[in-house]
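So the protein sequences, as listed, match chains A and B.
Heads up, my numbering is the position in the first sequence plus 92, with the first residue counted as 1.
Heads up, my numbering is the position in the second sequence plus 409, with the first residue counted as 1.
All clues stand as given, with none of them false.
Okay, the calculated beta carbon distance ranges per label pair: (1) 101(A) x 591(B): 34 to 42 Å; (2) 131(A) x 636(B): 55 to 63 Å; (3) 338(A) x 486(B): 37 to 45 Å; (4) 290(A) x 701(B): 41 to 49 Å.
Chain B residues, not near chain A, derived (Cβ > 12 Å throughout): (5) 507; (6) 588; (7) 644.
Going by beta-carbon spacing under 7 Å, a handful of chain A positions derived as facing chain B: (8) 124; (9) 210; (10) 309.
Bear in mind the hints are in silico, worked out from the structure with no lab data behind them.
Glycine included, C-beta positions come from ideal geometry on N, C-alpha and C.
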Amino acid sequence: VNIRSKRTVWAAAIYLGYAVVILLFGFPALWVASLSLRPLDELFVFPPSLLPRHPTLDSFQWVLTQSQIGRYLLNSAIFVAATVGGALLTAIPSAYAFSRLRFPSVRLKESLMVGVLAVQLISPIVIGLPLYRYFASLGLINSRWAVALVYIAAQSPFATWMLKGFLDTIPSTLDEAARIDGCSRLQALRLVLLPISLPGITACSIILCVTTWGQFIIPFILLNHNDSFPISVGILDFQSTIDSLSTNHLAAAAVLSALPAMVIFIVMQRFILGAMMAGAVKG
Amino acid sequence: MPGKKSSRNTDRKPMVLAAEQDRSERGPRAPARDRHLVREDMPWPWLAPLFVLLAMLYFYPLIEVVRLSFTDAMALDTPYHYSLSSYKNLFSSNDFLHMLRITAIFASGSIAGHIVLGLLIAELVRTGERRKLPGAAFVRSVVMMGWVLPGVVIGIVWQLLLDESSAGILTYFLSRIGVHDAVFLSASGQALLWATIANIWRGTAFTMVLLYAGMKTIPIELYEAATVDGANYLQQFFFVTLPSLHRILVITLILNTISTLNTFDMILPLTGGGPGRATEVVALFIYNAVFGEYSFGRGATAAAVLLAFGLVLTLFYFRFLMRNVEEST
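Looking at chain A on its own, in the form it has when it is part of the complex (with noise of 0.2 Å):
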C-alpha cells in the first residue's frame, strides 16, 4: 500500500509539472489563436475568456482578401522549395565526399568540416552589410532569385553534415559493390546511396522547411518591394499597419504565418524530434 500511494504522489506531482509547462509554452499561443478567432467587438470583453463567445473566421478572410499575407504565404513557400532543392543540390554531393572520398590528408578534411559548420555559427546580421553592399552594385537588390542562393548557401552546410552523418551509417561494401559492377561513382550515388538514405534526406529537407519558413534577416535586407516578401518580413510589414483595432486581423495573420511550419512538425515530429537528437548525441 506504501508503495502505491508512493507511485500516486509521484504520477501527481509530474502531472502538475506538466500541467505547468503547458500553461506556460501553450498558453501564448492558444491566445493568439483565440483572438484570431473574435469578431471585432469581443476584443476589449472585460474580463477577457479564452474561448470567444461567438466565434468566426471573419479576421481570417479579411486578411486572405484584404491585405498581401496570403501573396506572402505564397513567396515563402516558393523560397522553402528552391531552398530544400538547391540545398539538398549542393549538400548530397558533398557529404558523399565527406562520407566516402579520400582526402589528401584526414586533418585537411577535418578542418575542412569544421570550416563548413562555423559557417553556421555566423549570424547573418555580420554578413548582411556586405551582401546588402555586393549585391547593390551587380543590381540584385530586391532580386528573389538572390535571396534565394543566400538562403541555399546559409542551409546547405547544415545539410552537408546531417547527410554525411546519414550517409556514414550505410556500410559502404554496397556502393563498393556497385562499382565493382561496373557503376560509375555517380550512378553508385543516384541508384545505390540515395534510394536507401531517402529517411535521412527526408527528415533533413523537413528540418530545413521549417528553418527557412523562419528565414527573416536576409529577406528583410536585401528585399525592399512588398511583391517579394516572404511571410516573415510581409508580417512585420502588416503589423506596423495594424491598430489596436484589428489586433484580431493581426493575430489571424500570426497564426496564418505559423501554420505550415506547425503542420509540418506536428506531421513529422517523430522525424524531426529523431533527426534532432541524432544530431545532437551520437552514441
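Got chain A; can you put chain B on it based on the hints?
Below, chain B without anything else, positioned relative to chain A:
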C-alpha cells in the same frame, strides 16, 4: 583500429561536432582494393558547389566586413577613408556601451533561463517516461512550439500578450492578483525584462531537446547503482544526471550564447528596440547603424566585434570538443 571503433560506440558525443568520427580513419591504411577505388577521384569536384557558394556568400562578405570596419564609410557609392580610430570611436561611444550593457543583461538572463528551464523540463519529461506515465511526448511537443514558430511571429505573439490596455490578458491576470496599471513594454526596465522572457520562451525548446537527448544516453545501470546505494531522487539528479551531462551542458551553453547574441527577428515586432534604445541588443544596433544611420563603417565595426566574440566562442567550442574526443579515444 578495432579498439578505436569500440570506443566510438560506447561514448556519446555530440555529432554537431562529430569531426572526431574521422579519427577512426587514422588507423592503419585501408586495404589495397579500397585504396585503388578511392584514388580514382578526388573529393574536390564533389565539394565545388558548396565551397563556391560559401566562398561567394560567406567568406568574401566576412573579409569585406572586416575591411569596412576600418573605414568611415557612409551609404553606398560615397568615398571613404581607412582609419584605425574606428574601433576607438566605437568603444568610447555611449550608445555602444549602453548597447553592451543591454545585450549582456538580455543574454545572461536568456541563457540562464534556457539552461534552467530546459534542464527542468527535460528531467520532468524523462521522469515521466521512466515511470511510464502517458503525456510526456505531448509536453515535449508543446515546448517545441518555441522552436517551430518563426521569430517574428513569436515577437507578435508576445506583443499581443503584453497589451497594456484592459483587453490585455496579462494585464488582467495581474489585476486579479492586485497589481494594477501593470507596465510591460512601455518602460525601459520592464521592456528588457519581457524581451528576455519572450526569448527564454523561444529558446528553451532547443536546449531541452539537446539535454533530453543527453539524458537518454545515461546508462540506466548508473541509476540502479545509485538506488542500491540509497540515493534519493534529488541526489540522483545532482550526482548522476548533472555530472553525466557536463559535456552537453557546455555545448548547449555555447550554442545558446551564439544564438542569443544573434537575436533580431523576435525583438523587432516586440519592441523595435525601444522604448528609446532600451532593448537595442547587438544585432539591432548593427542594423540601425547600417540601415538607419547609414554609418556603414560604424555598423561594420560593431559587426566585426560581434564576429570576433562569436569566433572566440566557436574556437572554445571546438577545442572543448576535440579535447573530449582525445580523452575518450
